[in-house]
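Working from the sequences, and respecting the hints, build out all of it.
There are 2 protein chains.
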Amino acid sequence: MINCYAFAAVPPFAQGLVRDLRVRWACEEAGLPYRVTLIGDGNGGISRDAYGKIQPFSQVPAIEDGDLTLFESGAIVLHVAEQSPKLLPADPADRAQVIQWMFAALNSIEPRIQELAGIDLFYTDERWAKERRPGAVQAVQQRLAQVAPQLEGRDYLVGSFSAADILMTTVLRILRHTKLVDEQPVIAAYQKRCESRPGFQAALAGQMEPFERGAARQATA
Amino acid sequence: MINCYAFAAVPPFAQGLVRDLRVRWACEEAGLPYRVTLIGDGNGGISRDAYGKIQPFSQVPAIEDGDLTLFESGAIVLHVAEQSPKLLPADPADRAQVIQWMFAALNSIEPRIQELAGIDLFYTDERWAKERRPGAVQAVQQRLAQVAPQLEGRDYLVGSFSAADILMTTVLRILRHTKLVDEQPVIAAYQKRCESRPGFQAALAGQMEPFERGAARQATA
Chain A
5 MINCYAFAAV PPFAQGLVRD LRVRWACEEA GLPYRVTLIG DGNGGISRDA
55 YGKIQPFSQV PAIEDGDLTL FESGAIVLHV AEQSPKLLPA DPADRAQVIQ
105 WMFAALNSIE PRIQELAGID LFYTDERWAK ERRPGAVQAV QQRLAQVAPQ
155 LEGRDYLVGS FSAADILMTT VLRILRHTKL VDEQPVIAAY QKRCESRPGF
205 QAALAGQMEP FERGAARQAT A
Chain B
5 MINCYAFAAV PPFAQGLVRD LRVRWACEEA GLPYRVTLIG DGNGGISRDA
55 YGKIQPFSQV PAIEDGDLTL FESGAIVLHV AEQSPKLLPA DPADRAQVIQ
105 WMFAALNSIE PRIQELAGID LFYTDERWAK ERRPGAVQAV QQRLAQVAPQ
155 LEGRDYLVGS FSAADILMTT VLRILRHTKL VDEQPVIAAY QKRCESRPGF
205 QAALAGQMEP FERGAARQAT A
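If you read the protein sequences in the order shown, they are chains A and B.
To convert, note that position 137 of the first sequence is 141 in the numbering used here; the numbers rise steadily by one, no gaps.
To convert, note that position 213 of the second sequence is 217 in the numbering used here; the numbers rise steadily by one, no gaps.
Derived from the structure by calculation, the hints contain no laboratory data.
Copies of one chain are not kept apart here, so a pair can be met inside one copy or by any two copies together.
Cross-link-like lysine to aspartate or glutamate pairs, in silico, DMTMM-like; alpha carbons within 25 Å at most:
(1) Lys134 to Asp124
(2) Lys90 to Asp159
(3) Lys57 to Asp98
(4) Lys134 to Asp186
(5) Lys57 to Asp159
(6) Lys57 to Glu187
(7) Lys57 to Asp71
(8) Lys57 to Asp95
(9) Lys57 to Glu156
(10) Lys196 to Asp98
Next comes the structure, spelled out in C-alpha cells:
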C-alpha cells in the first residue's frame, strides 16, 4: 500500500494547498488504497529531520510504494496514474497529451503562480515585492488567457478527467487569495468542476483533518 | 520522423539555452532521426503566428511525431525517452527515479533558476530586481546545495545517463552567466560530464547553426 508523507501542521495560508493533496487525489480517483505518515507529529509520525533524509528538498510529498521511495508530486501522480486508466488513458496519443498538460501545469504555469504567491504570502511588506507585483500578476494573467481557449467547450484538458486535471487544478488553487481565476470564467468553471469531484473532496478532507484536530486541541487547551 | 520546431533567431543571451536543445539532445542520445522546422525563417520555415496555433504559450519546443503534436520540453523528452532504454531504464524502480528527477529539474529547480535569470537578463535596471536578487540567489544556492549530495560519488542522477540528466543539465546551463554552479564542484563536474557527450555537442551545434548563419549573413551585408 502507498504510504504518503504529509505535514501534521502548516500555517493557515498553506492548508488545503500542500502538495500531498495531489497524491491523495490521484489515489482517490484511481481507487488505490493509501495511508499517510505525518511529519512533525509526536504520535506515530516522523520528525522533520528524519523526513529530510527521504526528501532532499524537505518538501512534501514523498511516498513509499513497496521498496520504492519517490518524491516530486508530478512524478508521484504519474506513478499512480500509470496504474489506472481513469487517470492516464491507454491510447498513446491521449496518454502523451495528458503528460504534456501535466508538465505544462508544473513547468509553464505553476512557476508564475508561485512567484505571485510568494510575493503575496511571504514578502508582502518588502518594497521590491510591491514593485514587482504588477508584473507578476500580468505574467499569470497571460498564462491563464492562453489556457482558457484550451478549455473552451470541454470539461477537462484531454477527453475525460485525467492526471493532468489533478495537477492543473491544484496549481490554480494556489491563486485562491486572488480574483485572477475568476477573470477567466472558463477556467473558474473548470476548477469548480474538478474540485466538486468526490475524490478531490476526500483528498482535501484528508489533508485538513490533522490541521483541524490541531486547532481543536489548541482551542480547548 | 520527429519534426522539432526551433527559432531561426534569438538574442545572444538565449543562444544555446532555448529548450529545443532538450529535444535534440534526447533524439541524439536515443539515435532517433529528427528534422527541424525553423520559426520566423522566410526560407521553408513557419511564421511566429502560425507557430502560435501549435504551441499555446508560443514557447519552444513543440514537435510533430506522425499524427501527434506535442509541446512542453519535459513531455517531449519523456516521449522520446520511452522509445529508448538509453534514456529511460526498463526496470520499474529505476524508471520511476528517472521520472522523479525529470520533474525535480523542471518543478523544484528550474523555477528558482529562471527567476534569477529573469532578474539578470530582463529586469537588470529595475530597483525591485536589485533588491530581490540576493534572495533569488540564495534560493538557487539552497537547491544546488541540496542536489550536490545526490550526485556525490556518482556520474549521473540515476545509474547510467538518462533523460533526467538531459533536463537537469539544460536547467543548470541557465546559470551560465553566474558562478553559482562552480560553487558546487560536484555539480560543476557533473554538468561538464554531461555536456561533453557527443549527443549534447551535436544538439548544441544544431541549435546554434541558424544563429551563426544569421550572424555571418549580417556581417557580410
